[in-house]
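Protein chains: 2
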Amino acid sequence: MGRVDDQSEQPGLSTGAEVVVNRLLAEGVDVCFANPGTSEMHFVAALDAVPAMRPVLCLFEGVASGAADGYARIAGRPAATLLHLGPGMANALANLHNARRAFSPVVNVVGDHATYHQSLDAPLESDIEALGQWTHGSVHRPDSAADLDILVREAVQSATAPPGRVATVILPADYSWEATAQKPLLDNISEVEPEPGDIDIDVAAAGELLRTQAEHAVLLLGGGATAADGLRAAARIRAAAGARVLVETFPARLARGRDVPALERLGYLAEQATQQLSGATHLVLVGAKTPVSFFAYPGKPSVLVPDGATVHHLAVEDLSGLADELGGAAPTVPPSEPGAPPSGPLNPQNLAQVIAALLPENAIISDEANTSGVFLPAATASSPPHDVLTLTGGAIGQGLPVAVGAAVAAPHRPVIALQSDGSAAYTISALWTMAREQLDITVVILNNRAYAILQLELMRVGTRADGERSRSLLDLSRPDIDFASIAQGFGVPASRAGTAEELADQFRAALAEPGPHLIDAVLPTWSPG
Amino acid sequence: MGRVDDQSEQPGLSTGAEVVVNRLLAEGVDVCFANPGTSEMHFVAALDAVPAMRPVLCLFEGVASGAADGYARIAGRPAATLLHLGPGMANALANLHNARRAFSPVVNVVGDHATYHQSLDAPLESDIEALGQWTHGSVHRPDSAADLDILVREAVQSATAPPGRVATVILPADYSWEATAQKPLLDNISEVEPEPGDIDIDVAAAGELLRTQAEHAVLLLGGGATAADGLRAAARIRAAAGARVLVETFPARLARGRDVPALERLGYLAEQATQQLSGATHLVLVGAKTPVSFFAYPGKPSVLVPDGATVHHLAVEDLSGLADELGGAAPTVPPSEPGAPPSGPLNPQNLAQVIAALLPENAIISDEANTSGVFLPAATASSPPHDVLTLTGGAIGQGLPVAVGAAVAAPHRPVIALQSDGSAAYTISALWTMAREQLDITVVILNNRAYAILQLELMRVGTRADGERSRSLLDLSRPDIDFASIAQGFGVPASRAGTAEELADQFRAALAEPGPHLIDAVLPTWSPG
Chain A
1 MGRVDDQSEQ
11 PGLSTGAEVV
21 VNRLLAEGVD
31 VCFANPGTSE
41 MHFVAALDAV
51 PAMRPVLCLF
61 EGVASGAADG
71 YARIAGRPAA
81 TLLHLGPGMA
91 NALANLHNAR
101 RAFSPVVNVV
111 GDHATYHQSL
121 DAPLESDIEA
131 LGQWTHGSVH
141 RPDSAADLDI
151 LVREAVQSAT
161 APPGRVATVI
171 LPADYSWEAT
181 AQKPLLDNIS
191 EVEPEPGDID
201 IDVAAAGELL
211 RTQAEHAVLL
221 LGGGATAADG
231 LRAAARIRAA
241 AGARVLVETF
251 PARLARGRDV
261 PALERLGYLA
271 EQATQQLSGA
281 THLVLVGAKT
291 PVSFFAYPGK
301 PSVLVPDGAT
311 VHHLAVEDLS
321 GLADELGGAA
331 PTVPPSEPGA
341 PPSGPLNPQN
351 LAQVIAALLP
361 ENAIISDEAN
371 TSGVFLPAAT
381 ASSPPHDVLT
391 LTGGAIGQGL
401 PVAVGAAVAA
411 PHRPVIALQS
421 DGSAAYTISA
431 LWTMAREQLD
441 ITVVILNNRA
451 YAILQLELMR
461 VGTRADGERS
471 RSLLDLSRPD
481 IDFASIAQGF
491 GVPASRAGTA
501 EELADQFRAA
511 LAEPGPHLID
521 AVLPTWSPG
Chain B
1 MGRVDDQSEQ
11 PGLSTGAEVV
21 VNRLLAEGVD
31 VCFANPGTSE
41 MHFVAALDAV
51 PAMRPVLCLF
61 EGVASGAADG
71 YARIAGRPAA
81 TLLHLGPGMA
91 NALANLHNAR
101 RAFSPVVNVV
111 GDHATYHQSL
121 DAPLESDIEA
131 LGQWTHGSVH
141 RPDSAADLDI
151 LVREAVQSAT
161 APPGRVATVI
171 LPADYSWEAT
181 AQKPLLDNIS
191 EVEPEPGDID
201 IDVAAAGELL
211 RTQAEHAVLL
221 LGGGATAADG
231 LRAAARIRAA
241 AGARVLVETF
251 PARLARGRDV
261 PALERLGYLA
271 EQATQQLSGA
281 THLVLVGAKT
291 PVSFFAYPGK
301 PSVLVPDGAT
311 VHHLAVEDLS
321 GLADELGGAA
331 PTVPPSEPGA
341 PPSGPLNPQN
351 LAQVIAALLP
361 ENAIISDEAN
371 TSGVFLPAAT
381 ASSPPHDVLT
391 LTGGAIGQGL
401 PVAVGAAVAA
411 PHRPVIALQS
421 DGSAAYTISA
431 LWTMAREQLD
441 ITVVILNNRA
451 YAILQLELMR
461 VGTRADGERS
471 RSLLDLSRPD
481 IDFASIAQGF
491 GVPASRAGTA
501 EELADQFRAA
511 LAEPGPHLID
521 AVLPTWSPG
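From first to last, the protein sequence lines are chains A and B.
Each residue of the first sequence is one higher than the last, beginning at 1 in the numbering used here.
Each residue of the second sequence is one higher than the last, beginning at 1 in the numbering used here.
No lab work stands behind these hints, which were simulated from the structure alone.
Hints should not be assumed to be uniformly reliable.
To be verified - Result set (EDC-like, lysine to aspartate or glutamate): computed pairs, CA atoms no more than 20 Å apart in a straight line: (1) Lys300/A to Glu264/B; (2) Lys183/B to Asp200/B; (3) Lys300/B to Asp121/A; (4) Lys183/B to Glu27/B; (5) Lys289/A to Glu125/B; (6) Lys183/B to Asp318/B; (7) Lys183/A to Asp143/A; (8) Lys289/B to Asp147/B; (9) Lys289/A to Asp202/A; (10) Lys289/A to Asp307/A; (11) Lys300/B to Asp318/B; (12) Lys289/A to Asp198/A; (13) Lys289/B to Asp121/A; (14) Lys289/B to Glu271/B; (15) Lys289/B to Asp318/B; (16) Lys300/A to Glu125/B; (17) Lys289/B to Glu317/B; (18) Lys300/B to Glu361/A; (19) Lys289/A to Glu271/A; (20) Lys183/B to Glu125/B; (21) Lys289/B to Glu125/A; (22) Lys289/B to Glu264/B; (23) Lys289/A to Asp324/A; (24) Lys289/A to Asp121/B.
What you are looking at is a predicted structure, and each value in this text was computed from that prediction instead of being measured.
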């Protein structure tokens, strides 16, 4: 077990680090995605004394934070991260941004210098609070070692209060190594208030609206409404009232497959979204935010709500009541199967067909396929039921870490990471954690040797790059990246597929074997159409 | 050339993005380490219109910021980075922290949403200013598109004002695509004030101090004093007065090799540093900060200045005057050569001997060798003259990016990156940029399959990890990482060395060929001694 040789050890008392680990466990947090440094060594030692906490080593902090996001989306409760001072927190931020946009509860434990060391501006000193606040979450810094027990409880409660957020505990090294009696927990610790709801329409009013103006109404589902129950209720509403129903562009967790209605997602391209919402005079948001375009484009609208339309907010838990109110019966979906795997040189369309045809029961898809993934939603509509986790905050490098977290949360579900090549490079060391933990993840790299999304966006923002210099920044060839070689370097068995048949064979084999596999799916080099 | 099809184009006017690129060039910034996204597409297009700016694509923002740091340390002037909104800036922060500690001038250009889009809380919206301020640098946000020319000039001046800092320009997409007349540059633009100096001792007083109390005085050199001239002056002072002379623990750029005095560096371990400074009653800082331990440890002092000692600050430019004042002659250094390359199974000591024996003339060493690199300073003292760039801010993942920047700054100097395995994983995609740009970099991975520094630190903070769970967080085996395979995946020719002879053969071959190479030097698995 972890031992403190320091004179501050007192019989019968735990070190601060042990208090933190024990309190996390008592509040239901039993996985820690860790990238520790010197200031976290007592926390590391405490893991031996408190074996119920599962540590998962990540080789980069952005893997730890993305894994905590993926874990929360599947487990429905937070994991901890263990990060090394400000620079460690900084490396975690991009995927904490995605977690924030997914409303995933995450509890960061960020080691800090001993309190008496903080004023010395030692090399690793920086403003950790500022980074915690950047996530729009709560930041918890103890005033004394005796505060740790209460403080960690408050942090977990803050993270898990609906709709979920990032909570950051700053753990000074001296508080971590001291063995100090803790202040008693209060019976009724002050609860963090959930964010004020802005629900402004109830079942009766929504029912009236849809009975009278369904052809001019759109239901937009997000957050908790994209689980299977929400999608089924929305499909009943659509069947009964004839209203349009859409799912937000990047849901945190979307139920998919043949047992749930395949509802259209609001398009990423503003042009497409504008078309989907055209003519609507009432937009009923259910767990979704008011839709805005991802970026601004010259001469195009940023707010996607049609001019003059009224925006309503319906509570997610009222969705099935609304379906009942409207008397909607569950639409009968004709049983269907995805087609047999296709053949021929690989392209985005037959790649999607292969994945759809072979997708196992109850899979989890971590989807950062980006441009090359456009055919996936249609192809997988009749695959077995599965969940899809998407890029909620637009900070790329999310897909592989989220797959790690999902696989830790659901060890008996196959996880498929559909990952574009450019985005894969940001947090590629996630592969090593997959190997270390022998996670059942099949990574498919959609390798088109380009930041294809940027070649598209370059045109959409109203400019052109005819020149070699600008093209060089959007092209990932020279040299081509061999992801199979990289994966093998990180200990993940890997192969390359150039045809649909090869992909099907390799995907089937990867799914049949335990542990992680990577398939580098070599697509035609992308160029704007 | 870059063209704006938007109606805002006016004849004779440049887009905001072109203004920014042109102003950077006018201020002497002609390299841009870039990881762009949609909001930076006009900047990308402008690179075609303004071909004097050299864009260098990086696959992760931490590579771009570390490269800008390495570039500044060698070129003595800033490079630009191009980053994508808050999450892109977040990924750059850890190496900006190192740049801050190195006093490297860096100019970040961070694309932001169009100004009218910023209030919509679109998915990528976040507080970019907060991240810029975290670097302790300046943040420049234009109030209008007409401000860009002035603003970029101010940012470059802020970055380059002594001693050097990180300046961040926030570039909204609409200002970037608009073609707007610029406010005229003022003749005397308000200069950024250099940080107030705290110089409190001049040549005469320092001379008097050293003549009378040399045996109780220590000169600690940092910043600009670690160039060859400073080291020679300090060696003359030591020879004349008999004072102890030390170099700070992690210098930004340290001249080394047989033409410069091999001055001892202040130890990383507080125990060692305390020993080096013991008995000093006067500590004369020359470009260095007051020494403090990297971390706090139970029962050990954090401030390394001996009790009761007086701390003085001497200006770097007074160092050679002080040597003259004391009448110090340059010590004659007997000509020496490093020994012939050794043989036998590889270990940290013979690895250092191989590097030292084969180090080419005028090399640059990017040193993130950490625990495995302890024998390097002694071994390379008689190697040909070279510069060493170290981990100034303790944020690991710095060595490979800094090597990229150094190689771009000095295309005719061989760059050697000595890189520990754990740290290499943070920013490993730097290898791809080395391949893309065909940079003459030889990476040697000191692969001991452990966070050895943490195994050491675990003991030093007064705790132990006897258990499997804590050990699992400090060990990088299961699976072992094959860096040669990873390097080949990123397009860098690579090999593995298990003996000193193999390392010597491979190192010689890598130096003889242009372009990047990686050698995965397999050391005995580290365990605390």
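Hint by hint, here is what the structure shows:
Between Lys300/A and Glu264/B the CA atoms are separated by roughly 63 Å; this puts the pair beyond 20 Å, and the hint is violated. Proximity of Lys183/B to Asp200/B is assessed by CA-CA distance (about 42 Å); at most 20 Å being required, the pair is judged violated. The hinted pair formed by Lys300/B and Asp121/A meets the criterion: a straight-line CA distance of about 17 Å does not exceed 20 Å. For the suggested pair Lys183/B and Glu27/B, the alpha carbons sit about 17 Å apart, so the restraint of at most 20 Å is met.
Proximity of Lys289/A to Glu125/B is assessed by CA-CA distance (about 14 Å); at most 20 Å being required, the pair is judged to hold. For the given pair, Lys183/B sits about 42 Å from Asp318/B by alpha-carbon distance, which is inconsistent with the 20 Å threshold. With a CA separation close to 12 Å, the supplied pair Lys183/A and Asp143/A stays within the 20 Å bound. Taking the CA atoms of Lys289/B and Asp147/B, the gap is near 37 Å; set against the 20 Å cutoff, the hint is violated.
The suggested pairing of Lys289/A with Asp202/A holds, with an alpha-carbon distance near 17 Å, which does not exceed 20 Å. Between Lys289/A and Asp307/A the alpha-carbon distance is near 17 Å, which keeps this suggested pair within the 20 Å criterion. Proximity of Lys300/B to Asp318/B is assessed by CA-CA distance (about 34 Å); at most 20 Å being required, the pair is judged violated. Taken as a hint, the Lys289/A and Asp198/A pair is honoured in the structure, with Cα atoms around 11 Å apart against an allowance of 20 Å.
Restraint check for Lys289/B and Asp121/A: the C-alpha separation of about 10 Å stays at or below 20 Å, so the hint holds. Our distance criterion of 20 Å between C-alpha atoms is met by Lys289/B and Glu271/B, whose separation comes to about 19 Å. Between Lys289/B and Asp318/B, the direct Cα distance comes to roughly 17 Å. Compliance with the 20 Å bound is thereby established for this hinted pair. Restraint check for Lys300/A and Glu125/B: satisfied, since their Cα atoms lie roughly 19 Å apart, inside the 20 Å limit.
Distance check on the hinted pair: Lys289/B and Glu317/B sit about 16 Å apart at the alpha-carbon level, within 20 Å; holds. As the CA atoms of Lys300/B and Glu361/A are separated by approximately 58 Å, the hinted pair breaks the 20 Å bound. For a cut-off of 20 Å, the pair hint linking Lys289/A to Glu271/A stands: about 19 Å separates their Cα positions. Distance check on the hinted pair: Lys183/B and Glu125/B sit about 28 Å apart at the alpha-carbon level, beyond 20 Å; violated.
With a CA separation close to 14 Å, the supplied pair Lys289/B and Glu125/A stays within the 20 Å bound. Between Lys289/B and Glu264/B the CA atoms are separated by roughly 17 Å; this keeps the pair inside 20 Å, and the hint holds. Our distance criterion of 20 Å between C-alpha atoms is broken by Lys289/A and Asp324/A, whose separation comes to about 24 Å. At most 20 Å may separate the alpha-carbon atoms for a hinted pair to count; Lys289/A and Asp121/B meet this at roughly 10 Å.
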